[in-house]
Amino acid sequence: MRASTSSLRSKDLLGIEHLLPEEIELILDTAEGFKEVSERPVKKVPALRGQLIINLFMEASTRTRVSFEIAEKRLSADTLNFTASGSSVEKGETLIDTAENLVAMHPEMIVIRHKYPGAPKMLADRLPNVSIINAGDGSHEHPTQALLDAFTIRERLGQLAGVNVSIIGDIAHSRVVRSNIHLLTKMKANVTVAAPPTLLPAEIGKMGVRVVHSLDEAVAGADVIMMLRIQLERQGKLSFPSLREYYNTFGLTPERLKRASSEAIIMHPGPMNRGVEIASDVADDPKRSVILEQVTNGVAVRMAVLYLLGGAHDGE
Amino acid sequence: MNVKKRLLDGPRMNRAIRRMAIEVLEKNRGTEDLIIVGIRSRGVPIAERMAKEIEEMEGHPVSSGILDITLYRDDLTTIAPQPVVKPTKLPEPIDDKIVVLVDDVLYTGRTVRAALDALIDFGRPKAVMLAVLIDRGHRELPIHADVIGKTVPTDAHEVIKVKLVETDGEDEVLIMEK
Chain A
0 MRASTSSLRS KDLLGIEHLL PEEIELILDT AEGFKEVSER PVKKVPALRG
50 QLIINLFMEA STRTRVSFEI AEKRLSADTL NFTASGSSVE KGETLIDTAE
100 NLVAMHPEMI VIRHKYPGAP KMLADRLPNV SIINAGDGSH EHPTQALLDA
150 FTIRERLGQL AGVNVSIIGD IAHSRVVRSN IHLLTKMKAN VTVAAPPTLL
200 PAEIGKMGVR VVHSLDEAVA GADVIMMLRI QLERQGKLSF PSLREYYNTF
250 GLTPERLKRA SSEAIIMHPG PMNRGVEIAS DVADDPKRSV ILEQVTNGVA
300 VRMAVLYLLG GAHDGE
Chain B
0 MNVKKRLLDG PRMNRAIRRM AIEVLEKNRG TEDLIIVGIR SRGVPIAERM
50 AKEIEEMEGH PVSSGILDIT LYRDDLTTIA PQPVVKPTKL PEPIDDKIVV
100 LVDDVLYTGR TVRAALDALI DFGRPKAVML AVLIDRGHRE LPIHADVIGK
150 TVPTDAHEVI KVKLVETDGE DEVLIMEK
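Those protein sequences? They're chains A and B, same order as listed.
When the first sequence is numbered by numbering that gives the first Met the number 0, its final residue is 315 and no position is left out of the sequence of numbers.
When the second sequence is numbered by numbering that gives the first Met the number 0, its final residue is 177 and no position is left out of the sequence of numbers.
Treat the hints as calculated values from the structure; they're not laboratory data.
Among the clues, some could well be false.
As the list claims (entries may be wrong) - These stretches of chain A come out as covered by chain B in the derived footprint (C-beta under 8 Å, 3 or more residues):
no. : stretch
1   : 37-45
2   : 283-295
Unchecked claim - In the DSS-like style, the derived pairs of lysine-lysine whose C-alpha atoms are separated by at most 25 Å in a straight line are:
no. : chain 1 : residue 1 : chain 2 : residue 2
3   : A       : LYS43     : B       : LYS88
4   : B       : LYS3      : B       : LYS162
5   : A       : LYS205    : A       : LYS120
6   : B       : LYS26     : B       : LYS51
7   : A       : LYS10     : B       : LYS85
8   : A       : LYS43     : B       : LYS162
9   : B       : LYS88     : A       : LYS42
10  : B       : LYS88     : A       : LYS72
11  : B       : LYS85     : A       : LYS72
Unchecked claim - Residues on chain B that point at chain A, a partial pick, calculated with CB under 7 Å:
no. : residue
12  : LEU70
13  : ALA79
14  : PRO80
15  : VAL83
16  : THR87
17  : LEU89
Keep in mind that this is a model prediction, so the values were computed, not measured.
Just so you know, even glycine gets a beta-carbon here, dropped at the ideal spot from N, CA and C.
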């Protein structure tokens, strides 16, 4: 049996890469308690009363920003939303200057989404008294997405160890896949990735995953099929002939799904490109698609992270 | 810590819990609208045992649930690390019900204060009662128990250790000295 822990070692959540398996387990266990809070008549607890959390979103986001904001409000924290457009960032202010000005308002935590990998780490190093939570940095990591995916898998299948997870799509540009591979391999799940060669980093095999080049191979034997969005905004030019072509070779259609186990669940971190990486009939499958459960669980998992980072820090 | 005195052994604890169950029944004239709710963690097995005693006496089951008060504690911003959060499980809406809160030890009253706040977020009970296995005094808030297994005068430096088969492998209550 693995040693359990009752606290996180770091004041920040910058990624999954540096978390211990028992820290991941603590976050997931804590999230179970918070899922129940979201089902109450009064969906609010006083745990973070009086704490100020700044949501610093320097890149477009709907789901993650809204999910963090709901989580913060359900914990009774005060929230302040700061987006790049319409702010002094447009006047040329640097990230560090923006952050130091925000810190002068004494927040306890900053949730940051940024297009540059490592931006949350830079803030965390500069701001010793503020907890920094990475809500997605470029193509580096998106830890809370991986945690909510793991929570959903564990809730549906009972465990993570030994579960066969196939991740299919734009592996090259996805921070979600990087965080998910770190998390799932740490928790002893078996991870397979599949993508056209142009969307598959050469080094991906070194992360401890099986690499296949067709959707059929990836789907066969999978307990979890995780489809990724084609990130057109991060590609200089299209890495495949056309979207139609992509759908024909790597889109998850009802016919292709027949090769998977009838128990397999279908996940997608959103936003979906229907008819590109996933067929509408598959995305809306009432029995196998857990895409909306992922969204619900996202709030619980983010509440758990905020709660665990929000207490008194050792040495304060 | 040294054991100063053994307050209860297994059989005496069982008798105390049975008597607590009887008192709850007497005060409410039966099980109608009654929900027995244990406060995590050691209030939970005591509540379950009281519910079982009530079922044996009355011949039908009584509702029971679990309350986690962690998120309502008044010391969350000062203690580290953060205490573990687990789900609250109530069997039915508590509106217009008589809720019997159950805990192992009543001391400062702060846990019960948190429990009352937690409970109110689930609805408006007709009444809330408090049942504790041990009342050791030293209240810091205006809170009292309605049903008490054993009242024990203590010094502030003493520690009451409640062990239950379900959580600790054996039934006993000890007074320890720091």
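Item to check | Hint check, failures only | outcome: Of the numbered hints given earlier, those the structure breaks are 2, 8 and 17, listed in rising order.
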